Amino acid sequence: MIKTTFMLWNKYNYVYIDGLVGTLWLAALTVFAATILGTLIAIMKLSKIKVLDVITSAYIGVLRGTPILLQLYFFWLLLPKIVPFDLSDTTCIVIALIVNASSYVAEVIRAGIQAVDKGQVEAARSLGLSSSNTLKKIILPQAIKNILPALGNEYISIVKQTSLASVFFVQELTTSYRSVQSATFLAIPSLIIAGIIYLIVTTVLTKGINVFERRLQVNER
Amino acid sequence: MKDKELIRVEGLNKSFGNLKVLNDITESIYDREVISIIGPSGSGKSTFLRCLNLLERPTSGKVYFEGIDLSDKRVNLDKHRQKIGMVFQLFNVFPHLKVIDNITLTPMLEKKMTKEEAEKKADELLARVGLTDKRDVYPTKLSGGQKQRLAIVRALAMDPKVMLFDEPTSALDPEMVKEVLQVIRDLALSGMTIVIVTHEMRFAREVSDRVMFMSDGVIQEQGTPDEIFNNPENIRTIDFLSKVL
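Chains A and B, in that order, give the protein sequences.
Following our numbering, the numbering of the first sequence begins with 1 at its first residue and continues without gaps.
Following our numbering, the numbering of the second sequence begins with 1 at its first residue and continues without gaps.
There may be inaccurate statements among the hints.
With a straight-line Cα cutoff of 25 Å, these simulated BS3-like cross-link-like pairs (lysine-lysine) come out [as the list claims (entries may be wrong)]: (1) A:Lys137 with B:Lys243; (2) A:Lys137 with B:Lys79; (3) A:Lys136 with B:Lys4.
Reference excerpt, derived from the structure (chain B facing chain A, CB under 10 Å, subset only) [said to hold, decoys possible]: (4) Asn53; (5) Ser60; (6) Tyr64; (7) Leu77; (8) Asp78; (9) Arg81; (10) Lys83; (11) Gly85; (12) Phe94; (13) His96; (14) Leu105; (15) Lys111.
Just so you know, these hints were derived from the structure itself, not from any lab.
Keep in mind that this is a model prediction, so the values were computed, not measured.
Glycine residues also receive a C-beta, built at the ideal position from the N, C-alpha and C atoms.
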């Protein structure tokens, strides 16, 4: 089987490389947009405005409480019907991935900010530090250290979740597997190649995040 | 002793939901006075203290500082809080900032001091409390007593008119209580106005001009340390003191 796998790679590596490019592109887009959207939602949830809290809680509740595949179907079916211009399958799926990931990112950020000891805020405000300076100089620097590790995990999940786009034949790694598999009927070797590529990507990402975390903590020792 | 009125509270009430914590307190605190607030836990001592700088917003009533009503929402609270230092039971030093930056942060941001000015002042304060050699370390390296001394000078760096202490030694190991009390004692001798919520009865007796006994959200009895500790009149004061002395 090892031999078959190598043979398959030699013959079809361009299909996998194309798929990898698609996966990285999907993941990067989702990570970028979900971080921005998630931050906004976290801010809305933390604001003391009741309406925003209700809306964001519902948003997060629905997105975290239903299967992501179901959400992909939903956006894939719904979006083309409600927008007046043509939407590709890929666009629908990217939007769905972003919306889904934003709910997780929002919760990570909210939890990270709320985990900062209340006493820190009280101390800062009692000194006469303004609320904006308290946020900038006291809360956020401490929250970042809670947020980044969890956010790193979330980013790795996003990379893996992009594989669901294969259900809609969006160009990415799992779709590459499906193409090679149906062309060769070598199901397991073609799957192993895709798996190894995913593993390489997530391992590199994990290492990168670890280095980043260590640099962040070094100044408090 | 009784110079000018620094803080005045009028008809102060504070409730948390259905729980009434402070019940219609009217009281004045004068410049250069050292006041200890004693009483059983849950009596409202800390809440009373936290109302003085509006860390706790009163349910009703007014809090005047230098004649200005702090509970008025139009007042720039930050500006007045700069003159009311506060020290907490759990220190609340900023763990992500070095000792020196803990002290200089607020003077530089809110009083627009230059880095040099702020650090010069901070170094003087650190020397005063024996923390000069800790200047450039992070607070994780400090003992409880050292953290609390840092918290005190961090507040002093703003040149407050009054210092509020909320059980400053309750979270300390016994051997560190003394070093913190000594700093507060020196501060009292230097003429700082101090309001301290404490369970250190001996300390309250020694340094206070006035002792307030609180119970059930009311100042039940107050007077000189001699009056409160040697000749208490209120039955609750007598009962409380018999348990702690």
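> Looking back at the numbered hints, which does the structure fail to meet, lowest number first?
Replying inline: Those not satisfied are hints 1, 3, 5, 6.
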